[in-house]
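Sequence order for the protein chains is Y and B. Per the working numbering: the first sequence = residues 1 to 324. Per the working numbering: the second sequence = residues 1 to 328.
No wet-lab data here; the hints were simulated from the structure. By construction, the Cβ of each residue, glycine as well, lies at the ideal position given by its N, Cα and C atoms. Any given hint might turn out to be false.
Between beta-carbon pairs, the in silico distance windows are [claimed, not checked]:
id	chain 1	residue 1	chain 2	residue 2	range
1	B	S102	Y	F297	33 to 41 Å
2	Y	T201	B	G147	51 to 59 Å
3	B	S102	Y	G19	30 to 38 Å
4	B	A85	Y	D242	50 to 58 Å
5	B	G321	Y	L303	48 to 56 Å
To spell it out: a stretch of chain Y is covered by chain B in this simulated footprint if at least three of its residues, at any positions, have a beta carbon under 8 Å from a beta carbon of chain B; those stretches are [stated by the list, open to error]:
id	stretch
6	37-45
7	62-68
8	105-116
9	157-164
10	201-210
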Amino acid sequence: MARLSYLKALQRALSDEMGRDEAVCVLGEDIGVGVNNVTTGLLAKYGAQRVVDTPLSEQAFTSFATGAALAGLRPVIEFQIPSLLFLVFEQIANQAHKFSLMTGGQARVPVTYFVPGSGSRSGWAGQHSDHPYGLFAHVGVKTVVPATPEDAYGLFLTAIRDDDPVVLFAPAGALGVRADVDMDALGPVPLGVGRVHREGTDVTVVAVGHLVQAALAVAEQLADQISVEVFDPRTLHPFDWDGLAASVAKTGRLVVIDDSNRMCGIAGEILATAAEQMRLTVPPKRVTRPDGAVLPFARDLDLAVQPQQDQLLTAVQEVYKSSR
Amino acid sequence: MSEDAGLYRTMRLIRRFEERSIELVHAGEIVGGIHPYIGQEAIAAGVCAALREDDIITSTHRGHGHVLAKGADPVRMLAELTGRATGLNQGRGGSMHAADFSKGIYGANGIVGAGGAIATGAAWAAVKEGSDRVAVSFFGDGAVSQGVLLETFNLAALWRLPVLFVCENNGYATTLTVAQSVAGSITGRAEAFGIPAVSVDGADATAVLDAARDAVARGRAGGGPSFIEATAYRFDAHHTWEHKARVRYRSDEEVAAGRSRDPLDVHGSRLDADVRAGIDAEVEALITEAVAYALDSPHPDPAGALDHLYATGLRGRDGIGLLDTAVR
Ligand SMILES: Cc1ncc(C[n+]2csc(CCOP(=O)(O)OP(=O)(O)O)c2C)c(N)n1
Ligand SMILES: [Mg+2]
């Protein structure tokens, strides 16, 4: 067993894949030096032909990667800020994602886009704190949000190996997570397969990304009153609906915690699907950012907008009580 | 076939393909309409004559000319436009996305200026694999106001990539004139990044071919990107919807003057009359065959509407919940 941090897991996954497959290359801003601590050491190891510091031209280098992928490479792009994904939404959602269908299957675009530090990074305010994973799931781009170091490793590996575009969000709130892992057991984690972090029989809590830790804490806090099952979808598209259904079949009660805006967010989709297709004994709940939230700067305001552990606790208690 | 005859044949093929396509639009066989390339044939023909089959192109919404000149089968191309299962893209792309990756045709593209970065990335991949392939990105005068394209010029020049940018200046972006949209000059944009840029007569296939040969040779030799501005006149509508909508933005006199210099005549006059007539007859037979093949071809099965959505074959849920796996 060794201690592995989430960031180190990402770095290791990228380095391992570059070592395994010559076609993998990485593009991004300040990645040579590795200011986000994911690409650290890669330039020295793999050279400037495969670790490419780009000018601040996100739209161009995102479609540049599409072209390179169409011609046989397997590019990985690091984005410094989650909102840069808004800037390249055209290049990902409207170009890379659409090539396979529009060409009748002639083309594939194996590009991985990753953001080391999505969501709030306390004090970075309105334009650096978004969590736009729901947008990508909505348009059908494969969307991955690992919560733990071993999943960060395994899902990054899978994303890079996948023949379609994949966006990987590494929530800022998860970057500091460390775990004791068996390094030899690290390996690819399939897309579309969720993970039950803690089994329970009363309430299913679906937690996305860093909020898995909050959900586990709540489950522990409530352990002597309510048996909480913590379900981590790990990938939002494809989503493990079977896994969720199996959990809800046991508990009949559902709460979702999701650090993104409420309106048209992934939490709403999870609730809707459960309501349509699963046997819920009481109305489900979701804990999210408010509608259309912009994260304000001051710490207390920032926190007021993000879903909190105590809110989850209350929601779980309410869902549990309303059935008695 | 001589080089001159080859250039003429490509132009004639595009011209007749477009004319017949317009008829098929009016007949309701091509739904959604097309952006006709008529009047600009010498540009696609000239540039693609400088390319090899393994070179790469990206095209535009007005893409039929480029796709045909780069070697796509006109028969399967017309089947694509008519939305048939036998089309280049199995009826999934249509006029604005026609592609043939086996010929290096990375597709027409519905978003103005979007192909430049894709071509440049492909050129990068070509260099990395040690080949001397080049990539060409075609785009219109409207595209030079797109930020992503200007970013791309910078990347291409910075990394000395073998990409040729071909701006087809047909005077208009839909109804907007170049004077209304371009400050400075079109070639000046490329020159600002240190990219060698020339302006050529886009109605003269030989002039285009000469410029493209220089640019392609530079790219293959490691000399980096090049830029060609080819001026031409769009003879027909921006899009066939104009045939009904009758938008007024060009005077009759202007259109008549523009059409008076036909690239097929400019180059056709360099051929013996019987050679030209022979090509015309051969192209006519081919287009007739293409139309018949397209209209006889099966329509794709709606059950497969989202086939190829993912290269990995992933299937999402359907829109009505019937096939959902999680029904409990
Ligand atoms: C980015 C973008 N903006 C607007 C449009 C709508 N549109 C389609 S073609 C066109 C004009 C393009 O002009 P130009 O680049 O000169 O090409 P041309 O049509 O003259 O061949 C416009 C505005 C689009 N498809 N993409
Ligand atoms: Mg134009």
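Structure-based check of each hint:
For B/S102 paired with Y/F297, a C-beta distance near 54 Å fails the hint of 33 to 41 Å. Against the hinted window of 51 to 59 Å, the Cβ-Cβ separation of Y/T201 and B/G147 comes to about 55 Å, which satisfies the hint. Checking the proposed 30 to 38 Å range against B/S102 and Y/G19 shows it holds: the Cβ atoms sit about 32 Å from each other. In this structure the hint that B/A85 and Y/D242 lie 50 to 58 Å apart at CB is violated, the actual value being about 33 Å.
Range check, B/G321 to Y/L303: Cβ separation about 38 Å, and the 48 to 56 Å hint is violated. Beta-carbon proximity to chain B at under 8 Å applies to 0 residues in the stretch 37-45 of chain Y; the threshold of 3 is not reached and the given coverage is violated. Requiring three or more residues with a Cβ within less than 8 Å of a Cβ of chain B, the coverage given for the stretch 62-68 of chain Y holds, as 7 such residues are present. Coverage of a stretch by a chain is defined here by at least three residues with a beta carbon nearer than 8 Å to that chain's beta carbons; for the stretch 105-116 of chain Y and chain B the count is 6, and the condition holds.
Counting residues of the stretch 157-164 of chain Y whose C-beta lies closer than 8 Å to any C-beta of chain B gives 3; at least three are required, and the coverage claim holds. Under a criterion of three residues with beta carbons nearer than 8 Å to beta carbons of chain B, the stated coverage of the stretch 201-210 of chain Y fails, only 0 such residues being counted.
The structure fails hints 1, 4, 5, 6, 10 (numbered hints given earlier, in ascending order).
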